Amino acid sequence: MPGSKFTLPNLHDLSKEQDEALMLPDQGQYLIVGGPGTGKSILALLRAKRYIESKRRYIFLVYNHVLHQAIRHLFQGQLSSRTWMGWFFQFFIHKTGYQVPQKQSPQGQKVIDWEAALKIVQERGPDPDLAHTYVIMDEGQDMPPGLYQVLINMGFENFFVLADQNQQLDIEVNSSRQDIEHALALSPDKVIELTENFRNSRAIARLAQTFYVPDPASPPIQLPEDDGRKEAVCVYEYAGDDQAFTSLIRRILRTADRDPSKLLAIFTPNNRVRERYLQALNQQVDCLQFEHDPPVIQTYYACQENIHLDFGRGGIMVLNVQSCKGLEFDTVFLADIDQFLGDTQNDLFMDNKRRQFYVMCSRACDRLILFQDTSKPCPMQG
Numbered sequence: 000m001p002g003s004k005f006t007l008p009n010l011h012d013l014s015k016e017q018d019e020a021l022m023l024p025d026q027g028q029y030l031i032v033g034g035p036g037t038g039k040s041i042l043a044l045l046r047a048k049r050y051i052e053s054k055r056r057y058i059f060l061v062y063n064h065v066l067h068q069a070i071r072h073l074f075q076g077q078l079s080s081r082t083w084m085g086w087f088f089q090f091f092i093h094k095t096g097y098q099v100p101q102k103q104s105p106q107g108q109k110v111i112d113w114e115a116a117l118k119i120v121q122e123r124g125p126d127p128d129l130a131h132t133y134v135i136m137d138e139g140q141d142m143p144p145g146l147y148q149v150l151i152n153m154g155f156e157n158f159f160v161l162a163d164q165n166q167q168l169d170i171e172v173n174s175s176r177q178d179i180e181h182a183l184a185l186s187p188d189k190v191i192e193l194t195e196n197f198r199n200s201r202a203i204a205r206l207a208q209t210f211y212v213p214d215p216a217s218p219p220i221q222l223p224e225d226d227g228r229k230e231a232v233c234v235y236e237y238a239g240d241d242q243a244f245t246s247l248i249r250r251i252l253r254t255a256d257r258d259p260s261k262l263l264a265i266f267t268p269n270n271r272v273r274e275r276y277l278q279a280l281n282q283q284v285d286c287l288q289f290e291h292d293p294p295v296i297q298t299y300y301a302c303q304e305n306i307h308l309d310f311g312r313g314g315i316m317v318l319n320v321q322s323c324k325g326l327e328f329d330t331v332f333l334a335d336i337d338q339f340l341g342d343t344q345n346d347l348f349m350d351n352k353r354r355q356f357y358v359m360c361s362r363a364c365d366r367l368i369l370f371q372d373t374s375k376p377c378p379m380q381g
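Start counting the sequence shown at 0; every next residue gets the next number (numbering that gives the first Met the number 0).
Don't read these hints as lab results, they were simulated from the structure.
Label-pair restraints from in silico Cβ distances:
id	residue 1	residue 2	range
1	GLN121	THR82	21 to 27 Å
2	SER79	ASP12	21 to 27 Å
3	GLU290	ARG56	45 to 51 Å
4	ALA243	VAL295	21 to 27 Å
In the DSSO-like style, the derived pairs of lysine-lysine whose C-alpha atoms are separated by at most 30 Å in a straight line are:
id	residue 1	residue 2
5	LYS54	LYS15
6	LYS189	LYS118
7	LYS15	LYS48
8	LYS352	LYS109
9	LYS94	LYS48
10	LYS94	LYS189
11	LYS94	LYS54
12	LYS15	LYS189
13	LYS375	LYS352
14	LYS118	LYS94
15	LYS54	LYS189
16	LYS102	LYS352
17	LYS189	LYS48
18	LYS118	LYS102
19	LYS94	LYS109
Keep in mind that this is a model prediction, so the values were computed, not measured.
Here a beta-carbon is modelled for each residue, glycine too, at the ideal position from N, C-alpha and C.
With the sequences and hints as input, model every part of the structure.
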């Protein structure tokens, strides 16, 4: 199976604003703000590479397991990286001798009790040795404010945070730009805004911007130049019966077969839809004849153990919307957009849905196809 094209750029390929961000001093606290495709994860990895070359101790924290797999492929080397939650639970008990305190949320879920965690840390005082560890936080808007406060009080002093407030998928537990700036006591010269989109075609970027939620803390990025790519965005309507769905699945598989080096993604609104698409793909891949080897089909779902996603080959990944943060693919299919249901009269709900579509659309480099079951209403129409 041919390899995927996604690799780290050379330093001379960076834009002026990216170069400015990368050349910030090692010591200190910095926040890099930028929309989708501005190169935040690239800068995070290049920063880590610099720490490795200078033999500095660092930790690279990411939002979720899927992004963790993607950045490790992109880096193609030994990277000291972890998901922030897995690392924090282990590090907290190592440093304090206590389990991370938890409490029950209003929804009945166990969540970290950040006030109790902060109290434990403050009673012990900062560890001077941690001032020599450099912290990189990719998708920093998806890490809670309490995490920043606890790390500062533990004794960490050097932070390189990359974030976009408009890509939050759960605003109740995420950090705003103001939260991060306050926690790290950032002055304006310690914040750099990235404005250029290097990922999407112009048509895809334009569609993604229709879902942008106006926010002074996360200004919209520039549209890329028109590169002449046609049919970069389309809506594929299908009837809800089995025959129409099978035809849609075969269309996806044939798209993957046209160029085996391309990495395709199907983003689903929930686990039920993810399982439906995954099952249908696995069934049809055994029924069709291909010009090349059958496409490799991969998936991930929350709480899955022994995750291994290969971003170094072409094929198809089937992911729920919550897992697509920070990723990019040659072609993205948005599955069953009619399934993004909820209270369309609720402004907060609609803003959250717009952010979801903003994130999903902006994962696509070359082509974006939206699937809609015509027998059902779509809450995002218009």
